[in-house]
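The task is simple: from the sequences and hints, build the whole structure.
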Amino acid sequence: MLEFLPPRISSAVRHVNKNLLYELRIRADKPLSVNLGGKYLFLGEQGEASAENALYPTLKEVQDALFAACGYSVYSVEEELRRGFVTTKAGERIGIAGTVVMQGTVVLSVRDVTSLCVRIPHEIIGCAETVYSACLKEGLRSLLVMSPPGEGKTTVLRDLSRLVSERMRVNILVADERGELSAGSLGATADIVKFSDKQTAFTAGIRAMRPDVIVTDELLGEDYAAVRQALSGGVCVFASAHLTRFEDVPEKIFSRYIFLDGLGKVGRIGKENGSDLD
Amino acid sequence: MTWIKLLIAGLIIALSTLLGYVAAGRFRARGKFFAQMCAFNERFVNELSYGRKPLSEIAADQPSGDFGKLLSEAAASRVPDVRQAYLTKEEKQDVTDYFSLLGRGDSYSQIGFFTGKKTALSEKKAAAEKEAASRSSLYLKLGLLAGLALVILIV
Chain C
1 MLEFLPPRIS SAVRHVNKNL LYELRIRADK PLSVNLGGKY LFLGEQGEAS AENALYPTLK
61 EVQDALFAAC GYSVYSVEEE LRRGFVTTKA GERIGIAGTV VMQGTVVLSV RDVTSLCVRI
121 PHEIIGCAET VYSACLKEGL RSLLVMSPPG EGKTTVLRDL SRLVSERMRV NILVADERGE
181 LSAGSLGATA DIVKFSDKQT AFTAGIRAMR PDVIVTDELL GEDYAAVRQA LSGGVCVFAS
241 AHLTRFEDVP EKIFSRYIFL DGLGKVGRIG KENGSDLD
Chain Y
1001 MTWIKLLIAG LIIALSTLLG YVAAGRFRAR GKFFAQMCAF NERFVNELSY GRKPLSEIAA
1061 DQPSGDFGKL LSEAAASRVP DVRQAYLTKE EKQDVTDYFS LLGRGDSYSQ IGFFTGKKTA
1121 LSEKKAAAEK EAASRSSLYL KLGLLAGLAL VILIV
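Chains C and Y, in that order, give the protein sequences. In terms of the numbering used here, the first sequence opens at residue 1 and continues consecutively. In terms of the numbering used here, the second sequence opens at residue 1001 and continues consecutively.
Keep in mind that the hints were calculated from the coordinates and are not lab data. C-beta atoms are modelled at their ideal positions from N, C-alpha and C, and glycine is treated no differently. Please note that the accuracy of each hint is not assured.
[As the list claims (entries may be wrong)] Each computed DSSO-like pair below joins lysine-lysine, with the alpha-carbon atoms no more than 27 Å apart:
1. K1117(Y) / K1032(Y)
2. K18(C) / K30(C)
3. K60(C) / K1092(Y)
4. K1124(Y) / K194(C)
5. K1089(Y) / K1069(Y)
6. K1141(Y) / K1069(Y)
7. K60(C) / K89(C)
8. K1092(Y) / K1117(Y)
9. K1141(Y) / K1124(Y)
10. K1032(Y) / K1053(Y)
11. K1117(Y) / K1089(Y)
12. K1053(Y) / K60(C)
13. K89(C) / K1053(Y)
14. K89(C) / K1089(Y)
15. K271(C) / K137(C)
[As the list claims (entries may be wrong)] Calculated from the model, a selection of chain C residues having no Cβ within reach of chain Y, i.e. all distances over 12 Å:
16. S33
17. E48
18. G71
19. R82
20. E218
21. F259
22. E272
Shown next, in the form of C-alpha cells:
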C-alpha cells in the first residue's frame, strides 16, 4: 500500500493510522494533507503538524510519485491519465491535476502535474449488511447508492457484491471503470472487467459472461442508457452515483435508492418513487 | 614417466585454451547483451501496439543476463547504473539514455522512439555477434598455440 510514494512523504505517512487514512493530498510546494477518519490534517515529518511545520512536497516529488504509481510505464496507463486519474496495483486511485493538452475536443495528455489526490481503498467487511437486509433478502433487485464523493459508496458496493456472491451464489459482473472496485474481495462468483467504459463493459459483459448482477460505480448521465439496457435484459444493477437527492437522479430506473450519511453509513433507503422504505 | 609428461602437456594445453576461451568472454557477453537488447526492443514495440503491459511484467519474462538485470532495475525504480566493462563509454551512455526514456511517455511517442532504435540496435547486435564469433575463435586458437609452444619449450 502506498508503495509509490517518494521517501520523504512515505516516511511522514508512516506516522498515521493507515486504517483511518482515506485520502492523501500531495500538492507541489503546498503542505501535505491527509483525510484521517473524515477529518483533514496537515502532515509533517513526525505526523500531524501545523501548516508552517508541515511537509511541503516538491514538484519533482509529485512527478516521481506519479511516475512510480504508473509502474514506471506511462504508456500502460495513458488512457486513464487522459481521464485524469491512475489506479495502482494496490487499488489506490490517484487523481491528477495539471495542464491538460487538448487536440480539438480530445484530451491528448496531462502534463506538468502539480497535484495528486490519492484515495486509499478500504475493505469494511459487513458494511453493506443493512442494505442487504433491507433490499435484497427477498431476492435480487437494482440499487443505486448515493452520496457526495468520499463517503464510502465504493466500499459499500464492494461489500454488497461479496455478500450477494456468498449468500446467493449468483454470477456477478463488476464493471470497474477506474480499477477501484476490484481492490478488495468481491466474492467468489464475481468476474471483473477493468478500465472499460460502462457501455462497452455492460454490452460485452452481458454477451460474454451472462451475469445475474452487474456492479459498477460512479454513474454519469451518459451511463444510464447502458444500465437501462441491462435492466431490460433482466440483469440487475448495483451502482453508485455522486448525488444526494432523489430528484437529481437522471433516470429513475432503480428499485431502491440508498442514501449514505457519513462514511459508509446508510442514512435512508428510498423506494422506486423515492419515498422511504418502510 | 612419459605418461606424466604427456598428462602435464595435456593439462598445459587445456589450461591455455581455457584461458583463451575466458579471455574471449567479454566479447561473447557483449554479443549477448546487444542480442537481448535488440530482442527486448522488438518485443517492447509490439507491447506498445497491443498489450501495453507495464515494464515490470515484461522484465519478469526477460531471459537472465546483464540486460535483464538492468531492465529489472528500470522497471523497479530508476534509470540503472550501466557499468558493464565490455561496453565502451559511448555505448554505456547510449544504454543509459535508452533506459532513461523507457516508459516515460505515451504509447505514440514511445513507439516512435523505440521503432527508430530498431535499425541501430540490429546493426549493433550483428557487429557484436560477428566480433564475438571471430574473437572467440581467435582467442581459442591463440590459447591452444600458446599451450603448444609452452609444452615444446618445456620439453
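Checked hints:
For the hint pairing K1117(Y) with K1032(Y), the CA-to-CA distance comes to about 18 Å; that is within 27 Å, so the pair holds. Using a Cα cut-off of 27 Å, the hinted pair K18(C) and K30(C) holds, with the two alpha carbons roughly 22 Å apart. At most 27 Å may separate the alpha-carbon atoms for a hinted pair to count; K60(C) and K1092(Y) meet this at roughly 26 Å. Distance check on the hinted pair: K1124(Y) and K194(C) sit about 40 Å apart at the alpha-carbon level, beyond 27 Å; violated.
About 19 Å separates the Cα atoms of K1089(Y) and K1069(Y), which keeps this hinted pair within 27 Å; it holds. Restraint check for K1141(Y) and K1069(Y): not satisfied, since their Cα atoms lie roughly 32 Å apart, outside the 27 Å limit. The hinted pair formed by K60(C) and K89(C) meets the criterion: a straight-line CA distance of about 22 Å does not exceed 27 Å. A threshold of 27 Å between alpha carbons decides the hint, and for K1092(Y) with K1117(Y) the separation of about 15 Å falls inside it, so the pair holds.
Taken as a hint, the K1141(Y) and K1124(Y) pair is honoured in the structure, with Cα atoms around 26 Å apart against an allowance of 27 Å. As the CA atoms of K1032(Y) and K1053(Y) are separated by approximately 24 Å, the hinted pair is consistent with the 27 Å bound. Of the supplied pair hints, the one linking K1117(Y) and K1089(Y) holds, its CA atoms being roughly 19 Å apart against a limit of 27 Å. Straight-line distance between C-alpha atoms of K1053(Y) and K60(C) comes to about 25 Å, which keeps the hinted pair within the 27 Å bound.
Of the supplied pair hints, the one linking K89(C) and K1053(Y) holds, its CA atoms being roughly 13 Å apart against a limit of 27 Å. Of the supplied pair hints, the one linking K89(C) and K1089(Y) is violated, its CA atoms being roughly 37 Å apart against a limit of 27 Å. The straight-line distance between the Cα atoms of K271(C) and K137(C) is roughly 15 Å, inside the 27 Å bound, and the hint therefore holds. A cut-off of 12 Å between C-beta atoms confirms that S33(C) is not in contact with chain Y; the least separation is 26 Å.
The Cβ of E48(C) sits about 29 Å from the closest Cβ of chain Y, beyond the 12 Å cut-off, so the non-interface label holds. Not every C-beta of chain Y lies more than 12 Å from that of G71(C), the closest at about 4 Å, which undercuts listing it as non-interface. With a least beta-carbon separation of about 9 Å from chain Y, R82(C) fails to lie farther than 12 Å from that chain, contradicting its non-interface assignment. The non-interface label for E218(C) is consistent with chain Y: the shortest C-beta to C-beta separation is roughly 24 Å, beyond 12 Å.
Against the 12 Å criterion, F259(C) stays outside the reach of chain Y, whose nearest CB is about 39 Å from its own CB. Listed as outside the interface, E272(C) is consistent with that label: its C-beta sits roughly 43 Å from the nearest C-beta of chain Y, beyond the 12 Å cut-off.
In summary, the numbered hints that this structure violates are 4, 6, 14, 18, 19.
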